[in-house]
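With chain A fixed as given, assemble chains B, C, D, E and F onto it according to the hints.
The primary structure of each chain is shown beneath.
6 protein chains.
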Amino acid sequence: MERIVAGLEKKNRLLIPKERRIVAYHELGHAIVAMALPGQDPVHKVSIIPRGIGALGYTIQRPTEDRFLMTQDELQNRMAVLLGGRAAEYIFFHHLSTGAADDLVKATDTARSMVLRYGMDKKLGHVAYERERQPMFVTPGSQGWHAREFSDETERLMDHAVRDLVGHAFDRAIEILNAHRPVHEKTAQLLLQKETLEEEDIKALRAQIVPADATEAMPEKPAAAASAGHA
Amino acid sequence: MERIVAGLEKKNRLLIPKERRIVAYHELGHAIVAMALPGQDPVHKVSIIPRGIGALGYTIQRPTEDRFLMTQDELQNRMAVLLGGRAAEYIFFHHLSTGAADDLVKATDTARSMVLRYGMDKKLGHVAYERERQPMFVTPGSQGWHAREFSDETERLMDHAVRDLVGHAFDRAIEILNAHRPVHEKTAQLLLQKETLEEEDIKALRAQIVPADATEAMPEKPAAAASAGHA
Amino acid sequence: MERIVAGLEKKNRLLIPKERRIVAYHELGHAIVAMALPGQDPVHKVSIIPRGIGALGYTIQRPTEDRFLMTQDELQNRMAVLLGGRAAEYIFFHHLSTGAADDLVKATDTARSMVLRYGMDKKLGHVAYERERQPMFVTPGSQGWHAREFSDETERLMDHAVRDLVGHAFDRAIEILNAHRPVHEKTAQLLLQKETLEEEDIKALRAQIVPADATEAMPEKPAAAASAGHA
Amino acid sequence: MERIVAGLEKKNRLLIPKERRIVAYHELGHAIVAMALPGQDPVHKVSIIPRGIGALGYTIQRPTEDRFLMTQDELQNRMAVLLGGRAAEYIFFHHLSTGAADDLVKATDTARSMVLRYGMDKKLGHVAYERERQPMFVTPGSQGWHAREFSDETERLMDHAVRDLVGHAFDRAIEILNAHRPVHEKTAQLLLQKETLEEEDIKALRAQIVPADATEAMPEKPAAAASAGHA
Amino acid sequence: MERIVAGLEKKNRLLIPKERRIVAYHELGHAIVAMALPGQDPVHKVSIIPRGIGALGYTIQRPTEDRFLMTQDELQNRMAVLLGGRAAEYIFFHHLSTGAADDLVKATDTARSMVLRYGMDKKLGHVAYERERQPMFVTPGSQGWHAREFSDETERLMDHAVRDLVGHAFDRAIEILNAHRPVHEKTAQLLLQKETLEEEDIKALRAQIVPADATEAMPEKPAAAASAGHA
Amino acid sequence: MERIVAGLEKKNRLLIPKERRIVAYHELGHAIVAMALPGQDPVHKVSIIPRGIGALGYTIQRPTEDRFLMTQDELQNRMAVLLGGRAAEYIFFHHLSTGAADDLVKATDTARSMVLRYGMDKKLGHVAYERERQPMFVTPGSQGWHAREFSDETERLMDHAVRDLVGHAFDRAIEILNAHRPVHEKTAQLLLQKETLEEEDIKALRAQIVPADATEAMPEKPAAAASAGHA
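Chains as they are written, first to last, in this note's numbering: chain A, 1 to 231; chain B, 1 to 231; chain C, 1 to 231; chain D, 1 to 231; chain E, 1 to 231; chain F, 1 to 231.
Just chain A, same shape as in the assembly:
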């Protein structure tokens, strides 16, 4: 089960050179952030050959093992990977573009789940504001319940928490990519030339990435195990 981290939106086939360059830097943005952060599935392939119905390029991560639990840190790092493409565009082209729309959706969904389902925001507490979005839960009767069973104040706290989580992840991605600009640029040239980076090139790239110290991004490490947490 390989996971395609991201992919710029695509409606047709042939990209103009400028867009092709943007896609190359964007995809490598995902790849480099994924390599720099712990707990992320290893990158196997980076490509700027349009694929499927929506992607101008893609980056494939393949898990080394089945996982059933995700910690708060791993989810935050995953958001940074998702925003790595947009961060790359921002650093190398000084713009925000429509190409990251799907990445924003995925990062937002992750942040919302952290806040609404996994009780990972201090102010909102260990409360489940939403049940799992499984079809069996979405009966007409229960539908209204999910949408509005909290006050506007709580909804505002959720919005702030989601914005903070996503903003923090974007900052992390910017920070990591700024630390790897030369290798990013060099590898982008290679990607534009070869169109797809496979095992060997990926391995070479990974060798040049300095792992980010993930610990300083951890918001919740207790000073002492005896402390009572964030309730």
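Since the hints were made in silico from the structure, they are not lab data. There are no misleading hints in this set.
One copy or any two copies: either way a pair holds, since identical chains are not told apart in the list.
Keeping only pairs whose Cα atoms sit at most 30 angstroms apart, straight-line, the calculated DSSO-like set for lysine-lysine is:
1) K122 with K18
2) K203 with K186
3) K18 with K186
4) K45 with K186
5) K106 with K122
6) K194 with K106
7) K106 with K186
8) K18 with K106
9) K106 with K45
10) K123 with K106
11) K45 with K18
12) K194 with K18
13) K106 with K203
14) K18 with K203
15) K45 with K203
16) K194 with K45
Structure of chains B, C, D, E and F alone, referenced to chain A:
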């Protein structure tokens, strides 16, 4: 009618060692809090063998007698049991994970019922803001009524009350587990080895648990029976 | 047409002794408050034999005459009767329990009707915020209208008015039961022994109840008939 | 086309003497206020014989001519007539009862139409916030639009305006009935005796009613025709 | 394609003399304001013969040419024409009546379109808050979008803007009619006598109307074309 | 795939001379702003011959290459082109008219997508508040989610952001058109005479347009690539 207190989410079968350890500590978290608090059904089994469709492990409590009434204290203690798994992860692994999502849903539901159906919050009074969630009540016509028959101010008070109840329960669980760290760690080793703890092991564990003094958690014990309560 | 005032929730048959005692005090709480307040239908039977699908015990009131009008005082007294069971649990067992859930629903419905349909709250005026909840009114088109045809400020005033009415009724019940503790305890012993109190026992109980002076609970008695009321 | 102004709620047939007295004073309250205010259809009959499905008594007004326009003053006077029954209960029995529920609905509907459809509130201006409640307007698509096409601030202004209009009408009714207490009491005795007052009795009653000076209740009479009104 | 500007509500046929007089002044109110303001379709007929299902009288305007664009001034003047009937009732009868309900609906719709669809309110900007109300837009899916795709603050600004536009239009109508009282009264006598005014009478009336200076009502005329407008 | 930028609303065929002039200036407003701003598809045709069902005139832009990504600057410039017609009416006729309604819808949609889907507003962050409006997303279940999954505070921020973006675009259009008044007027005369401008005329017009310096309108160009952006 045995009750399965909790169970970490599961999608597949084989856990990696680190996750297996987390599950062991998590399940024992439920068990130890249940043993330390009065009014909770006795624990009969603790297992880290995945079971059914959603659980990575499970803890079984079996009531000694049929019960028809639950007091405020018993409901609060039940929430502490439900959050015992998350509290264990927090103490021993310094993280919050997605594994406690279902526990949060159950604890939140309990807290909401206390506040909305059982009139157990001082500020919100002896008022029923919600009827029993029985199918016969969920007719299309009455549906909208349930969802919104109070002001945003009241909804805000509910959110605060629910967050306080759940947060308090988590603190209680942390407190109890901190007081039993050595036995928790020792029994986790045993559980990882045997995969399931049955009668004898459970009995040995229970013998080492110091009952928590539940009274200090009681928010509503009247100073004198003559006082008029929280209205 | 006898009216069953209340009844603790029941799912099965056999109660443990502690719950049986709670039910006895709870039912007598209804009965004693009903006897102490004017305008309430006379009590005919009090029983702790589970009955029907939802009741752990029951108290039967039978009207002496058909009534077509209810005054504000009578409705307030009726709420005190409904909360008499919970008040008894609070006085004799120092707890709030889930057993009063149905009583809370009925008391809340009464308070809401006073405020929304009968114009009995000073701040909300002689305004009908809700029509009678008859099936013929609940057509899909009119449904939305009922739910939201007032501002959040008005909804907040309603919530405060309902909480005050219910809280006041609970205080009245506490006050009445505190004044009759010895007879309550003595009769509870009898009820636990006989399981049902019929005519003779009820008559003996009634003889010992001092009627509460209902007038001080009347919020609306005009100083002079010439005053213009609460508009 | 005779119009039945009001009628206390009824579920069955035989009233107890106290309720019968209340009904008599209530119905005469409607009749006397209708006689004292200009622009109201003449009263033709007052009865305490229960009638139809919902009324404990009734008062019949019959228009002398077809009318197609109603002015603000006439609508305000009509609300006072509608609340005349409740005002009578308040003056003679010092209570508010459930018997006026239907009168409140009608008075509230009148006030809401004045505010939402006829542009008769200064703060809310000459704006139509609601179209005529004709079936042809209540298509599913347009439904949502009607219910919410204004802000919460506007909804709050509407609530205040409706409460003021209804409260003012109640005060007017109290004022008029206080000025006619002796004839009200005397005629109530007659009504209790005869059960129905027809032409002769009505005529005699009318002769004793001093018309209220309606002008002081007019909120909108322009100081000079040249002024620009309430926009 | 003649346009019937307004028409008082009608349910039946025969009006009493007082209502007939009100209708005459009301209809002439529409006609005189239409004649006094530029950009309004010429009046062709004024009648107090009830017509169709809803009108007690009517005024017919017939455009001299097909128009595809309406400017802000023309829309504001059209609202003044719509409120001309109510303004006439206010000036000559010192009342507000139910007869103008349909005029209020049309004036409100015009004001809402100016604010929500045509970007003609300074504070709300050149933003389309609503699409054209064409059937093809009202698919169930898009319905919810229209109703609520802005905040309560924006909805409040809309309410204020609509109230201001309608209030301003009413003031304009009052101002114009006050300046033409003698001719209004004289022509009303004629209309009551003849029941319908056709070409000759209309022409005579028009000759006596002094055109209002529309320019001072223009809220948006830029001081210099170089200024950047209201964004 | 040619793109018709705008078109004044039309219901019929024959325009009066004044409206014809407005349409000519309006369409040239679109064309001139499109020519002055970078990243906009080249203009191929400008016409005042009514076309299709809704347009009084039209301006055709034809892309020189397929594009898959749009940057923030390009979207802002596109909004200025869309509002170029209204800006021309404002400069040359000193009015706002109903003719720009469809342009406002398109500009508003663009601004909303920038804010809600592309994360291009600083205060609202890199968050996706809305998924792509594809039919497959508009299932009944997901519908409610889209409409309300943020607080009123967030909705207010969105409204402000959209108003600012649209207002800024209008100011840009005004600025550009003010700088090209003589050529605008001269070309309008030509357009009124020929009714349609094709290749040669367009080329001549383009030669006279001074490109606007787009950079000063860029709100997001980072001072240094190392800065962390707007999170």
